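Novice: Protein chains in written order, with my numbering: chain A, 98 to 233; chain B, 468 to 541.
Do not rely on the hints blindly, as some may be mistaken.
[To be verified] Listed next, with one range per pair, are the computed distances between beta-carbon atoms:
| # | chain 1 | residue 1 | chain 2 | residue 2 | range |
| --- | --- | --- | --- | --- | --- |
| 1 | B | E519 | A | Y179 | 17 to 25 Å |
| 2 | A | W201 | B | Q493 | 25 to 33 Å |
| 3 | A | L156 | B | K523 | 43 to 51 Å |
| 4 | B | G500 | A | T219 | 46 to 54 Å |
| 5 | B | K482 | A | Y179 | 44 to 52 Å |
| 6 | A | S178 | B | R481 | 25 to 33 Å |
| 7 | B | R481 | A | Y232 | 30 to 38 Å |
[As the list claims (entries may be wrong)] Away from chain A, derived, C-beta distances all over 10 Å, residues of chain B:
| # | residue |
| --- | --- |
| 8 | K482 |
| 9 | V501 |
| 10 | E519 |
| 11 | F528 |
[Claimed, not checked] Here are the simulated EDC-like cross-link-like pairs (lysine to aspartate or glutamate), alpha carbons at most 20 Å apart as the crow flies:
| # | chain 1 | residue 1 | chain 2 | residue 2 |
| --- | --- | --- | --- | --- |
| 12 | B | K511 | A | D170 |
| 13 | B | K513 | A | E130 |
| 14 | B | K513 | A | D170 |
| 15 | B | K511 | B | E494 |
| 16 | B | K472 | A | D170 |
| 17 | B | K511 | A | E122 |
| 18 | B | K511 | A | E130 |
| 19 | B | K523 | A | E130 |
| 20 | B | K470 | B | E494 |
| 21 | B | K513 | A | E122 |
| 22 | B | K482 | A | D173 |
| 23 | B | K523 | A | E122 |
| 24 | B | K470 | B | E540 |
Honestly, the hints are just simulated from the structure, not real lab data. Computed from a predicted model, the values in this text were never measured in an experiment. Every residue gets a Cβ at the ideal spot worked out from N, C-alpha and C, and that includes glycine.
Spelled out, the chains give:
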Amino acid sequence: MTARILGDMGGTLLAMFWTWRNLNEFSTMTVKEVAKVLTQGIGIAIVAAIVLTILFTILSAVLSGNHNEGIEDERDRLYESYSVQLSSGLFGIAFIATLVSLGWFNLPINTGLIALVYSGFTAVIAGGILNLFLYR
Amino acid sequence: MPKKKKINIENSVRKLRFDNNEMTQQELADLVGVSRQTVVAIEKYKYTPSLELAFKISTVFNKEIQEVFYIGEQ
Chain A
98 MTARILGDMG GTLLAMFWTW RNLNEFSTMT VKEVAKVLTQ GIGIAIVAAI
148 VLTILFTILS AVLSGNHNEG IEDERDRLYE SYSVQLSSGL FGIAFIATLV
198 SLGWFNLPIN TGLIALVYSG FTAVIAGGIL NLFLYR
Chain B
468 MPKKKKINIE NSVRKLRFDN NEMTQQELAD LVGVSRQTVV AIEKYKYTPS
518 LELAFKISTV FNKEIQEVFY IGEQ
């Protein structure tokens, strides 16, 4: 379970870093270009999370000699639901805040798009941190 | 509105395991269908199991549920 949490968080951090590097000139980029980078970032997050989860699972099985991590029980499901609640709550707040900023405070559309995707990334990381805290 | 009181649920799983031929945490986990980490969390009072799991654990030890899980000191 921890391998999956670390994989998700690692993949998301990697995607955040990659998009941040490719969005240096976002104020001069067109909406289409920004959207392309963000979409690629989301793709990277998904693929990296899968790859890292597999790597962490193998690493943890080799180091601990325990090959039984696959079992998911009620505690895992409960903690997962707490994490999903936190993530969706954070993302919901960020979504509304971005819409308000776009509608009332003349936030550029590029910045709004970036804020939305980054709030999604941040929500995943916050959920992961909560999960790690619960499993401590 | 009455004030919500948090109750502290404790258990004697660890003691019962030792009384049952020193059953390991992994053996108990396998018998009730959870991970060993969940058994560890229950024994340390860090996680309160669902009613279903509590019944399963009590059944393994042939005990009534209230003999295994009880309200601790407030």
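Novice: Look at each hint and say if it fits the structure.
Specialist: Checked hints:
| no. | hint | in the structure |
| --- | --- | --- |
| 1 | E519(B) with Y179(A): 17 to 25 Å | 19 Å, holds |
| 2 | W201(A) with Q493(B): 25 to 33 Å | 58 Å, violated |
| 3 | L156(A) with K523(B): 43 to 51 Å | 32 Å, violated |
| 4 | G500(B) with T219(A): 46 to 54 Å | 35 Å, violated |
| 5 | K482(B) with Y179(A): 44 to 52 Å | 30 Å, violated |
| 6 | S178(A) with R481(B): 25 to 33 Å | 28 Å, holds |
| 7 | R481(B) with Y232(A): 30 to 38 Å | 20 Å, violated |
| 8 | K482 | 21 Å, holds |
| 9 | V501 | 4 Å, violated |
| 10 | E519 | 8 Å, violated |
| 11 | F528 | 19 Å, holds |
| 12 | K511(B) with D170(A) | 18 Å, holds |
| 13 | K513(B) with E130(A) | 49 Å, violated |
| 14 | K513(B) with D170(A) | 15 Å, holds |
| 15 | K511(B) with E494(B) | 17 Å, holds |
| 16 | K472(B) with D170(A) | 28 Å, violated |
| 17 | K511(B) with E122(A) | 52 Å, violated |
| 18 | K511(B) with E130(A) | 53 Å, violated |
| 19 | K523(B) with E130(A) | 57 Å, violated |
| 20 | K470(B) with E494(B) | 41 Å, violated |
| 21 | K513(B) with E122(A) | 48 Å, violated |
| 22 | K482(B) with D173(A) | 25 Å, violated |
| 23 | K523(B) with E122(A) | 59 Å, violated |
| 24 | K470(B) with E540(B) | 18 Å, holds |
This entry does not satisfy hints 2, 3, 4, 5, 7, 9, 10, 13, 16, 17, 18, 19, 20, 21, 22, 23, going by the numbered hints stated previously.
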